[in-house]
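Peer 1: Could you build the full structure based on these sequences and the hints that come with them?
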Amino acid sequence: MGGYTINRQLPVKKDHDDNVNEAIKAKEVLVISETGEQLGVIPTEKAIQMAYDRELDLVLVAAKAVPPVGKFMNYSKYRFELQKKTKENKKNQKIVQLKEIRLSATIDKHDFDTKLKHAIKFLTSGDKVKVSIRISGRMITHTDIIRKVMINFREELMEHAKIESDIKQEARTIIMVLGPKKE
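For the sequence shown, the numbering used here gives the first residue as 627, with consecutive numbering after it.
Think of the hints as simulated: they come from the structure by calculation, not from any bench. Some hints here could point you the wrong way.
[Unchecked claim] Once the Cα atoms are required to be at most 25 Å apart in a straight line, the calculated SDA-like pairs of lysine to any residue come out as: (1) Lys807 - Thr769; (2) Lys788 - Gly752; (3) Lys747 - Lys703; (4) Lys713 - Lys747; (5) Lys703 - Phe738; (6) Lys743 - Arg760.
Peer 2: Given below as structure tokens:
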């Protein structure tokens, strides 16, 4: 085999530390104090020294501005608060799923009630419900029967659901989408 290797570099995960203190590449920055007061355009080295004198960091808050804008702040505390806020937002987030319930044109009353209970359970837990009926064979000529089943199902669910997408036919399937009612 050949004695050569292919030198591939893995993508490096870029951290935000390139906008703090000595990592700032700009020659001068518009400095904002920790209280929000504008201190003017100052050479970067002097601004970093001023930040160290105050026991703070110089952080670029607008790196693309001309000149870049830097602010005095406790960077580690700032990152901690940002991570805490992100974690809190993620915890409060509700992921809505689309659950599908399949009916048939010739559904029995007991099966209908069972499917109805499942739909109510999905809606009360905050998920959307897609109700579908697959048209097979000669049922294509009797779509009125299928629509009656869908309308009956929708009417039974109206105290728990709101209509997201009304009854419509897509190829050989009739569907509707119901969402949970906001309390």
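Peer 1: Next step is simple, just say for each hint if it's right about the structure.
Peer 2: Outcome of the hint check:
1. Lys807 - Thr769: Violated, at roughly 28 Å.
2. Lys788 - Gly752: holds, 12 Å
3. Lys747 - Lys703: violated, 44 Å
4. Lys713 - Lys747: violated, 29 Å
5. Lys703 - Phe738: The hint is violated at about 57 Å.
6. Lys743 - Arg760: Measuring from Cα to Cα gives roughly 21 Å; hence the hint holds.
Violation of the numbered hints given earlier is confined to hints 1, 3, 4 and 5; the remaining hints are satisfied by the structure.
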